[in-house]
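These are the residues of each chain, in order.
There are 4 protein chains.
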Amino acid sequence: MRPTLQQAEDLTDAALKAGAALGKALSVAVVDEGGYTVLVKRADGARPITPQIAQAKAYSAAVMERPSAQLRNWADSNPVFFNQVAQMGHQPIVPTEGGIPVKLDGRLIGGLGISGGTPDEDERIARETLAGLGYELDFAAWGQPGTKAV
Amino acid sequence: MRPTLQQAEDLTDAALKAGAALGKALSVAVVDEGGYTVLVKRADGARPITPQIAQAKAYSAAVMERPSAQLRNWADSNPVFFNQVAQMGHQPIVPTEGGIPVKLDGRLIGGLGISGGTPDEDERIARETLAGLGYELDFAAWGQPGTKAV
Amino acid sequence: MRPTLQQAEDLTDAALKAGAALGKALSVAVVDEGGYTVLVKRADGARPITPQIAQAKAYSAAVMERPSAQLRNWADSNPVFFNQVAQMGHQPIVPTEGGIPVKLDGRLIGGLGISGGTPDEDERIARETLAGLGYELDFAAWGQPGTKAV
Amino acid sequence: MRPTLQQAEDLTDAALKAGAALGKALSVAVVDEGGYTVLVKRADGARPITPQIAQAKAYSAAVMERPSAQLRNWADSNPVFFNQVAQMGHQPIVPTEGGIPVKLDGRLIGGLGISGGTPDEDERIARETLAGLGYELDFAAWGQPGTKAV
Chain A
1 MRPTLQQAED LTDAALKAGA ALGKALSVAV VDEGGYTVLV KRADGARPIT
51 PQIAQAKAYS AAVMERPSAQ LRNWADSNPV FFNQVAQMGH QPIVPTEGGI
101 PVKLDGRLIG GLGISGGTPD EDERIARETL AGLGYELDFA AWGQPGTKAV
Chain B
1 MRPTLQQAED LTDAALKAGA ALGKALSVAV VDEGGYTVLV KRADGARPIT
51 PQIAQAKAYS AAVMERPSAQ LRNWADSNPV FFNQVAQMGH QPIVPTEGGI
101 PVKLDGRLIG GLGISGGTPD EDERIARETL AGLGYELDFA AWGQPGTKAV
Chain C
1 MRPTLQQAED LTDAALKAGA ALGKALSVAV VDEGGYTVLV KRADGARPIT
51 PQIAQAKAYS AAVMERPSAQ LRNWADSNPV FFNQVAQMGH QPIVPTEGGI
101 PVKLDGRLIG GLGISGGTPD EDERIARETL AGLGYELDFA AWGQPGTKAV
Chain D
1 MRPTLQQAED LTDAALKAGA ALGKALSVAV VDEGGYTVLV KRADGARPIT
51 PQIAQAKAYS AAVMERPSAQ LRNWADSNPV FFNQVAQMGH QPIVPTEGGI
101 PVKLDGRLIG GLGISGGTPD EDERIARETL AGLGYELDFA AWGQPGTKAV
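Taken in order, these protein sequences are the chains called A, B, C and D. Residue numbers for the first sequence follow full-length UniProt numbering, so the first one is 1 and each next one is one higher. Residue numbers for the second sequence follow full-length UniProt numbering, so the first one is 1 and each next one is one higher. Residue numbers for the third sequence follow full-length UniProt numbering, so the first one is 1 and each next one is one higher. Residue numbers for the fourth sequence follow full-length UniProt numbering, so the first one is 1 and each next one is one higher.
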């Protein structure tokens, strides 16, 4: 599954607009279920490396099937292990705010990544952008005993 | 030495069944004495990256000849050194729960790796799977002075 | 999209049986649409590196959306360019026989890779295995001007 | 120097439209003078790896300050050397059609990369897109003695 280019455009434009409202020049990335790029945009004024950070956040959310911030406990409790896992894909897997799976009708279809604000801004913009366009934001907690629920 | 495909099938099926009993969709890997893959299975619903993590755990147990969790002290006490070693093989060497050598009649013949549960679940399933099929679970402590005992 | 584990088991078992009928110990891999592993099996007697080759073939077919042998013209005509592209994913992209997309009801849901026979054997077993289980084998030629048809 | 996001949008939309007119689902990338991403878009139906190839072409054109196809002589005459150089940046440098510097008022401000068509289609679409939007397409030949002319 993958977001259509139009779905990705709508997500990206809404996120860039939310960033501009805060006076922040953002980079935004949308990837498909397997973490492959659909759309990456860097706003005028955003740092050169931010598109790659946004891609990594979107990738992490897609292949881990959770908000990237949920990976922080893992990275904190066993950083050496996490660092090895972080290099297993074709983008770095990053344990930080701003990467959220794209979930529609109960199915994960990709990931959204935001870079260029503070961690809290990136996270809030990602969540509000998805919610505003009708995507779902309910994800099971990470690493809980018992049944996994997407 | 290497586990036969049938031995690997029996290990993998038992581990997947134990995961399902906990409501967890796991990935399971079995490698030979040199860390080369014999069998990798991803249960329906398990995350895309979990087969690679399971392979890394099985690999670590095989080439380090110890449960992968025994590597945590090393990784914690000298993470820079461990990170270099972790990249010396053809799979990452990971210091975490869920990788156990496959030992039969006092000989190491490979490694078993589990990913997809909590660290404790992964470890317990790996050990119970091996014990349930007649494999041995006695390994010397890591980094003790004196004779190496497999 | 991804093949279920049962679909992958059926593909893998049929391919291993076809190899055994030729006296060849094969490795077989099934990956999902994004190239992530669902199942890898090495028959008793197959070389240690063959599971990785099978994974690379399955990966190549999935992310290139074509039989991996169709990549040979590209690799032959511009090997330096191909070698760079070959390293863009999380598995090597390989221009050789034995990797075929898994296509069902007109949709690509993954890739099948075979290693351990001659190139022709690997290719034939992959195709016959897919056809025998009801998968589709019609793929557009690579690099033709005009409309792309999956 | 970098293309504005609006300039990149105009380039990308024109290129995607030209691809659609040929029945080809393309990926298109625009990078800045240093090769950092401004915009990447994958049309519905384009292969998962094509956005990365488009980025590499745009990168190559930007940091080499020439159409990427001009690198083919170098790659053919000394492939071992070229392969080392190809890995010196943060994207692969690729010697193939479809990457053209973005040049305006005599200054290089970035690169445009196209992937998803035949090499000739990618090259033609890149050039026609740039020409149609008023960018310049005069570049000195590669590897000539004497004054460097952008």
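Among the hints, erroneous ones may be present.
Intra- or inter-copy, both count: the list cannot distinguish identical chains.
[What the hints assert, rightly or not] With a straight-line Cα cutoff of 20 Å, these simulated DMTMM-like cross-link-like pairs (lysine to aspartate or glutamate) come out:
hint, residue 1, residue 2
1, Lys-17, Asp-44
2, Lys-103, Glu-9
3, Lys-24, Asp-76
4, Lys-103, Asp-76
5, Lys-17, Glu-33
6, Lys-24, Asp-138
7, Lys-24, Glu-121
8, Lys-103, Asp-32
9, Lys-24, Glu-65
10, Lys-103, Glu-33
Read the hints as simulated data drawn from the structure, not as lab findings.
Consistency of the hints with the structure:
1. Proximity of Lys-17 and Asp-44 under a CA criterion of 20 Å is satisfied intra-copy only: 12 Å inside one chain copy versus 24 Å between copies.
2. For a Cα distance limit of 20 Å, the shortest separation of Lys-103 from Glu-9 inside one copy, 16 Å, qualifies, whereas the shortest one across copies, 27 Å, does not.
3. Taking the shortest Cα distances, Lys-24 and Asp-76 never come within 20 Å of each other, neither inside one copy (28 Å) nor across copies (23 Å).
4. In the homo-oligomer, the alpha carbons of Lys-103 and Asp-76 never lie at most 20 Å apart, since the shortest distance is 27 Å inside one protomer and 32 Å across protomers.
5. Within a single copy, Lys-17 and Glu-33 get their C-alpha atoms no closer than 25 Å, and across copies no closer than 25 Å, so neither meets the 20 Å cut-off.
6. In this assembly of identical chains, the alpha carbons of Lys-24 and Asp-138 lie at most 20 Å apart only when taken from different copies (19 Å versus 27 Å within one copy).
7. When the C-alpha separation of Lys-24 and Glu-121 is checked against a cutoff of 20 Å, the pair qualifies only within one copy, where the shortest distance is 9 Å, while the shortest distance between copies is 33 Å.
8. Taking the shortest alpha-carbon separations for Lys-103 and Asp-32, both the intra-copy value of 11 Å and the inter-copy value of 19 Å come in at or below 20 Å.
9. In this homomeric assembly, Lys-24 and Glu-65 come within 20 Å of each other (Cα to Cα) only across copies, at 15 Å, whereas the closest approach inside a single copy is 27 Å.
10. When the C-alpha separation of Lys-103 and Glu-33 is checked against a cutoff of 20 Å, the pair qualifies both within a copy, at 10 Å, and between copies, at 18 Å.
Against the hints set out earlier in the document, violations occur for numbers 3, 4 and 5.
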